[in-house]
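Novice: As given, the protein sequences belong to chains A and B, one line each in that order. Counted from 1, the first sequence has number 65 at position 65 by the numbering used here; the numbering is strictly sequential. Counted from 1, the second sequence has number 1070 at position 70 by the numbering used here; the numbering is strictly sequential.
What the hints contain is simulated information worked out from the structure, not anything from laboratory work. Possibly wrong hints are sitting among the right ones.
[Said to hold, decoys possible] Derived PhoX-like pairs (lysine-lysine); straight-line CA-CA distance at most 20 Å: (1) A:Lys67 / A:Lys20; (2) B:Lys1048 / A:Lys20; (3) B:Lys1017 / B:Lys1036; (4) B:Lys1083 / B:Lys1114; (5) B:Lys1138 / B:Lys1109; (6) B:Lys1083 / B:Lys1017; (7) B:Lys1033 / A:Lys20; (8) B:Lys1168 / B:Lys1114; (9) B:Lys1036 / A:Lys20.
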Amino acid sequence: MKQSDLFYLVKADAEDQLMKNPRILRILMGNEYIQIDFGYVAPWMYNRGGWIRIAPHTHIQVQGSKKKYALKEAKNIPLAPEQFNFESTEDWRVFSLLFEPIPLKDCIIDIIEEEEPNSDDFNFYNIKLEDITHMQLVV
Amino acid sequence: MVPPVSRGFEHIEVFYKACREHIPTSFIHFSYKKRKFNHILLHPFLIKEFENRWYVIGYSEQHDAIRTFGLDRVSDPILIKRKYISTNPQLINVYLNDVFGVFPIPDAKKELIKIHVSQLGTHYFQAYPLHISQKIEKESEGTSFISFDIIASVELARYFLSQGRHVKIIQPKWFREFTKNLTI
């Protein structure tokens, strides 16, 4: 994916994200895509840490709008039905999801993997993209 | 024989550019010990190798302090067009010259660290000095007192511990206690 000149980096350390697994760590916003970086720690309750994957129909919704911003690329995490199997409960993984670009302005977004999720789905709500610091990337 | 590639070694070029051209760098860091991720915005000034492991050192905005990060725990570093926060060159020299290893013990100052070393251990310290400041006072039976003018670090404590009965820390007392309580 081509990187455009203008990118913005958003800290996403909202309180309600701290206990999440995966946890949102960084958001890069641009004219061509929005990239969300996650960190995932293999949980103890699954045999050998279990597995991860992401549904291809995962999307972003900006609150107040019905438009869905589709997943364009997944880095370091397979698209379902493929899956990545951990080897132990000590394992960890950083992965990124790239979506269609959302408007470059303060807003609140939801990341939806499943409209009717169970506890294993990667749904995130009320992610506040505010105080967007205008930090360009050195390409 | 080609050595196996270490994780994180691929970030060397990015951090080298960041250090040389004074570019703040954003990356994701995973702590093995705490099993926790953090987003770090670092103003790096030094890449350091210690025992075949690579580290980047710089001013971390999140910690509001100088911090060291193992490259093996770093993911996706990106360079940011943003004002670079410079670190005092004297402080950089401290990290270059006065620290054995990469993780100085918080609040530790440069001071005299004195150990007592067995005959066998003395041979090795003579052959492989640990630090430029190392001074050996040999005793008649071949044992020695060895001193270093250095900032105490986790790696120094680990090294002394690994020598078992061959090394006994004489001073300072706080470092002796720190080493005794260190879980490697």
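Novice: For the pair supplied as a hint, Lys1036 of chain B and Lys20 of chain A, is the alpha-carbon distance within the 20 Å limit?
Specialist: Answer holds: Lys1036 of chain B to Lys20 of chain A is near 11 Å, not above 20 Å.
Novice: If you draw a straight line from the CA of Lys1048 of chain B to the CA of Lys20 of chain A, is it 20 Å or shorter?
Specialist: Distance ~34 Å between Lys1048 of chain B and Lys20 of chain A Cα, so the pair is violated.
Novice: Is the straight-line distance between the alpha-carbon of Lys1168 of chain B and that of Lys1114 of chain B 20 Å or less?
Specialist: The given pair, whose Cα atoms are some 9 Å apart, holds under the 20 Å limit.
Novice: Between the alpha carbons of Lys1138 of chain B and Lys1109 of chain B, is the straight-line distance 20 Å or under?
Specialist: Given pair Lys1138 of chain B, Lys1109 of chain B is violated - Cα atoms ~27 Å apart, limit 20 Å.
Novice: Starting from Lys67 of chain A, check that the Cα of Lys20 of chain A is at most 20 Å away, please.
Specialist: Violated: Lys67 of chain A and Lys20 of chain A sit about 26 Å apart, past 20 Å.
Novice: Need the status of pair Lys1083 of chain B, Lys1017 of chain B: alpha-carbon distance at most 20 Å?
Specialist: Given pair Lys1083 of chain B, Lys1017 of chain B holds - Cα atoms ~15 Å apart, limit 20 Å.
Novice: Would the pair Lys1083 of chain B and Lys1114 of chain B pass a check requiring their Cα atoms to be no farther apart than 20 Å?
Specialist: violated, 43 Å
Novice: For Lys1017 of chain B and Lys1036 of chain B, compute the direct alpha-carbon distance and say whether it is at most 20 Å.
Specialist: violated, 27 Å
Novice: Regarding the pair Lys1033 of chain B and Lys20 of chain A, is the alpha-carbon distance no greater than 20 Å?
Specialist: holds, 19 Å
In this structure, the hints that do not hold are numbers 1, 2, 3, 4 and 5, in rising order.
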